[in-house]
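Participant: So the chains spell out like this:
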Amino acid sequence: MSDLQAFIGDWHALIILVLAGFLPNEVWRMLGLWLGGGIDEEADILVWVRAVATAILAGVIAQILVHPPGALATVPSPLRYGSVLFGVLVFLGFKRSIFAGVACGELMMVGGKYWMG
Amino acid sequence: MALPALDSPRWQGTASAFLYGMRSVTTTILTAVLFATYVGIGALAHDTHFSLFWALLSTALIWAGPAQIILLAALGSGATVIQAALAVGVSGIRLFPMVVSVLPMLRTPETRKRQLILPSHFIAVTLWVECFCLLPMVPRDRRIVFVNGLGTGLVVICLTATWIGYHLAANLPPLFGAAILLLTPLAFLLSTARNCKQPADVVALVLGLALFPVVSWFDTGVDILISGISAGTIAYGVHRWRRR
Numbered sequence: 001m002s003d004l005q006a007f008i009g010d011w012h013a014l015i016i017l018v019l020a021g022f023l024p025n026e027v028w029r030m031l032g033l034w035l036g037g038g039i040d041e042e043a044d045i046l047v048w049v050r051a052v053a054t055a056i057l058a059g060v061i062a063q064i065l066v067h068p069p070g071a072l073a074t075v076p077s078p079l080r081y082g083s084v085l086f087g088v089l090v091f092l093g094f095k096r097s098i099f100a101g102v103a104c105g106e107l108m109m110v111g112g113k114y115w116m117g
Numbered sequence: 001m002a003l004p005a006l007d008s009p010r011w012q013g014t015a016s017a018f019l020y021g022m023r024s025v026t027t028t029i030l031t032a033v034l035f036a037t038y039v040g041i042g043a044l045a046h047d048t049h050f051s052l053f054w055a056l057l058s059t060a061l062i063w064a065g066p067a068q069i070i071l072l073a074a075l076g077s078g079a080t081v082i083q084a085a086l087a088v089g090v091s092g093i094r095l096f097p098m099v100v101s102v103l104p105m106l107r108t109p110e111t112r113k114r115q116l117i118l119p120s121h122f123i124a125v126t127l128w129v130e131c132f133c134l135l136p137m138v139p140r141d142r143r144i145v146f147v148n149g150l151g152t153g154l155v156v157i158c159l160t161a162t163w164i165g166y167h168l169a170a171n172l173p174p175l176f177g178a179a180i181l182l183l184t185p186l187a188f189l190l191s192t193a194r195n196c197k198q199p200a201d202v203v204a205l206v207l208g209l210a211l212f213p214v215v216s217w218f219d220t221g222v223d224i225l226i227s228g229i230s231a232g233t234i235a236y237g238v239h240r241w242r243r244r
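Note that the protein sequences, when read in sequence, are chains L and X. Sequential numbering of the first sequence, starting at 1, is according to the numbering used here. Sequential numbering of the second sequence, starting at 1, is according to the numbering used here.
Misleading hints may appear alongside valid ones.
What the hints assert, rightly or not - Coverage of chain X stretches by chain L, computed from C-beta distances (three or more under 8 Å per stretch; other residues unrestricted):
id	region
1	84–91
2	159–171
3	210–218
Everything labelled a hint here was simulated from the structure, so no lab data went into it. C-beta atoms are modelled at their ideal positions from N, C-alpha and C, and glycine is treated no differently.
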């Protein structure tokens, strides 16, 4: 296999990327562009859409924690949940600093995993 | 780096407005989080045996970290194309209200819809958060160009990170891989929490987190959709009830 072939890979996989990755994701942006123009920013329906979007994002976050992909699966679940909880507590305690929360959550996970060997 | 004043002549050139947008990627810590996340996505793509071109194309076309992680995790675990598309599609719903809320800040009476296609594509959590911070400092007729510059800058950084992660994958200690994958839920949770303005947003976030594990126990295939719509609708109910 030439370098170029290795770089591009299998055509099937690229078609799957477009069908299962690009289109189902991009459709929401384009719907927002085509339908959103007429929606008043203060409209009540937008409060519902925003709440559902926030809750879905929360579900996506929970999914990565509950069914972790790749290397994250090697971290025991109490440590995964504990690290995120610690990050949230630091975030709430330190003037809502995203950086402080992310850094402390990560430190707890890495430290905990290292300590357990 | 500070942006010029709103009435400064330095905003007049299209190219300079684009460059100001591009340079604004350096103003936020979220860029560093995004970089690390995409190193992780590159490594995950390598470990799931996709090509480098596939990984780079997924960053440029999908341009949403969680969707890319979900797609890789689904395909890697042997899910069908339809199951993967469904999981990605559900995670993408959040982009709809983001686009709807950003576009009014970009639009002028002369703006055509096709000029907004590229800015809409760039919208994801990071750019959405940055738009609310930066756009008030940008003259209205330069905002589309500015967002295109900002989006291009972020995409270039993330393509680089994807490339680095893909090549590093074999040499990354598993602990590092785990730390990078934890970044997405942590950073998303905290940046969403900071964007919560009304009690309804907080209810939606907390209930959405709590309901997912319950619903996923039934393993319906559309767990996120069910928990998301339920939690979101309850949060909306709280909003209506409080206003009465």
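Participant: Could you run down the list of hints and mark each one as holding or not?
Facilitator: Hints, verified against the model:
Check on the region 84–91 of chain X: 7 of its residues sit with their Cβ under 8 Å from a Cβ of chain L, so the three-residue criterion for coverage holds. Note: the region 159–171 of chain X has 0 residues with beta-carbon separation from chain L under 8 Å; the three-residue rule is not met and the coverage is violated. For the region 210–218 of chain X, the proposed coverage by chain L is satisfied: 4 residues have a C-beta within less than 8 Å of a C-beta in that chain, meeting the threshold of three.
Checked against the numbered hints above, the structure breaks only hint 2 and satisfies the rest.
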